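Which chain is which? The protein sequence lines are A and B, in order. Just so we're aligned, residue 1 is where the first sequence starts under the UniProt record's numbering, counting upward by one. Just so we're aligned, residue 1 is where the second sequence starts under the UniProt record's numbering, counting upward by one.
In short, the hints are calculated from the structure, not lab data. These figures come from a predicted structure and were not determined experimentally. There may be inaccurate statements among the hints.
Any copy, or any two copies together, can satisfy a pair, since identical chains are not distinguished.
Lysine-lysine pairs mimicking DSS-like chemistry, simulated, CA-CA at most 30 Å apart [what the hints assert, rightly or not]:
| id | residue 1 | residue 2 |
| --- | --- | --- |
| 1 | K203 | K34 |
| 2 | K243 | K173 |
| 3 | K96 | K34 |
| 4 | K206 | K224 |
| 5 | K198 | K224 |
| 6 | K203 | K224 |
| 7 | K34 | K199 |
| 8 | K34 | K224 |
| 9 | K43 | K224 |
| 10 | K164 | K34 |
| 11 | K43 | K96 |
| 12 | K198 | K243 |
| 13 | K164 | K243 |
| 14 | K34 | K206 |
| 15 | K198 | K34 |
| 16 | K203 | K243 |
| 17 | K96 | K164 |
| 18 | K206 | K243 |
Number of protein chains: 2
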Amino acid sequence: MACGDDGKLSLDSIRDSLIRQEDTIIFNLIERIKFPINPSLYKQQLPSSSNISGSLFQYLFQETESLQSKVGRYLSPEENPFFPDNLSDSIIPLTKCTPVLHPAAASVNVNEKILDIYINQMLPLFCTEADDDANFATTAACDIQLLQALSRRIHYGKFVAEVKFRDSTDEYKPFILAQDKDALMKLLTFEAVEEMVKKRVAKKAKVFGQEVTLNDSIEEVKGKIDPLLVSRLYDEWVMPLTKFVEVEYLLRRLD
Amino acid sequence: MACGDDGKLSLDSIRDSLIRQEDTIIFNLIERIKFPINPSLYKQQLPSSSNISGSLFQYLFQETESLQSKVGRYLSPEENPFFPDNLSDSIIPLTKCTPVLHPAAASVNVNEKILDIYINQMLPLFCTEADDDANFATTAACDIQLLQALSRRIHYGKFVAEVKFRDSTDEYKPFILAQDKDALMKLLTFEAVEEMVKKRVAKKAKVFGQEVTLNDSIEEVKGKIDPLLVSRLYDEWVMPLTKFVEVEYLLRRLD
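Make the full structure from the sequences, and use the hints.
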């Protein structure tokens, strides 16, 4: 969503963006799993002489976010930092977007949870456990692209919730006033849609993960990624976290 | 190629890697062209108060390379920096690879040319000319991933040349001694192979660029990227630059 697109904010445009973001996530996932887990990246503390605390990966990610904040990445309501205490001011003048979301949106950030799931559950599920291959910089670059894509997708829940709220304010209002999380969750859950998403991402994983050769037959065997795992990624983490973001946003929508 | 894979250095393993790298390049290309050219990124000089010279993009790219060099990115013979004067020492201890290439490999670096072609020819060819969308950080992140993938692919010519030299030393030696670029270029040019590569990358662009839906029919119309342009990218820039790298490497192979 570009700056000033408020007029076009609709469930259709949001859905189109979410569908396109699936491709980005799957491309990045395929690129990441070329490498083994490379556990040292996430476990290795830096030498004390470096004056840097945290793991190697945390250091690289923080510094990348800090650099990107200098050109205004986190001025966009679509972007949510993983390390909000480590950002810099923009070094270039940027026009601020007309706000689309309620100001409370800024306080909804589940990146800590995303990062924890990513390192401790997703990587072991998707990557081989071979020895470190020492490709730390390229592995981390893939991680960061993928985590940012997952974060963008999941926090898009704020836009989803905003549009749903605008379209059916009367329906949402009483539950928001009552701070009834369960009722809100129920209101925005559509199992048939979720089933469709799971099927679609599995199909995308199959298509994008195939070994394309000049033979006419598509070699079904040698896929780069297991479509069922991608389906599971959406089922267990992406969609539940998106809905969590939606509920958290709605709870604050009348503040 | 992981560290210490010298024993497995063969034309087959190199070819497999080059084929896999096509996917990476095409994924990254599809991701980049979601955004318009965003010319300000490459043209805008930073405010003099920032004490940084060069364009916004150059600044972001330099800083990214500097950060990645701290975890040893450029210790790998597969990686060639775009800004070699701006690197840092590694902050972690890393085992050095057993050298596979002749030491002169380090002096073959065509990244300046790649960057120039990328900004001045590739982006205008692939991206729309819409107004800046201000997504500078995400656009630049895609650029950097893509440029690094192109650079890796093109500089892989060093490994190709090394294997060809080892396999047919007697054939290459006289032309190297004579410093005969044209004869070397002729020796390592296989038009039939190049035609196949062009066809394959076009097919990959079609497969990876398709809009995948749950309908059984593949929607041919709405591809995200023009397969012919990808074919042209390989024909006009990727393959000629790879061969240029091969020749430059061979010219120094007996130093």
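Verification of the supplied hints:
1. K203 / K34: So K203 and K34 pass the 30 Å test inside a copy (20 Å) and across (21 Å) alike.
2. K243 / K173: So K243 and K173 pass the 30 Å test inside one copy only (17 Å; across, 65 Å).
3. K96 / K34: Between. Shortest inter-copy distance 22 Å satisfies the 30 Å Cα cut-off; intra-copy 39 Å does not.
4. K206 / K224: This pair counts as both: shortest intra-copy Cα distance 8 Å, inter-copy 18 Å.
5. K198 / K224: both (18 Å within a copy, 22 Å between copies)
6. K203 / K224: This pair counts as both: shortest intra-copy Cα distance 13 Å, inter-copy 17 Å.
7. K34 / K199: both (24 Å within a copy, 24 Å between copies)
8. K34 / K224: Answer is both: 8 Å inside a copy and 24 Å across each meet the 30 Å cutoff.
9. K43 / K224: Close inside one copy (27 Å), not across copies (39 Å); limit 30 Å.
10. K164 / K34: between (39 Å within a copy, 26 Å between copies)
11. K43 / K96: between (38 Å within a copy, 21 Å between copies)
12. K198 / K243: within (15 Å within a copy, 44 Å between copies)
13. K164 / K243: The answer is within: 12 Å in one copy meets 30 Å, while 56 Å across copies does not.
14. K34 / K206: both (16 Å within a copy, 22 Å between copies)
15. K198 / K34: Cα proximity of K198 and K34: in one copy and across copies (23 Å, 24 Å).
16. K203 / K243: within (23 Å within a copy, 38 Å between copies)
17. K96 / K164: within (25 Å within a copy, 56 Å between copies)
18. K206 / K243: Intra 26 Å, inter 34 Å, cutoff 30 Å: intra-copy only.
In terms of the numbered hints stated before, the structure departs from none.
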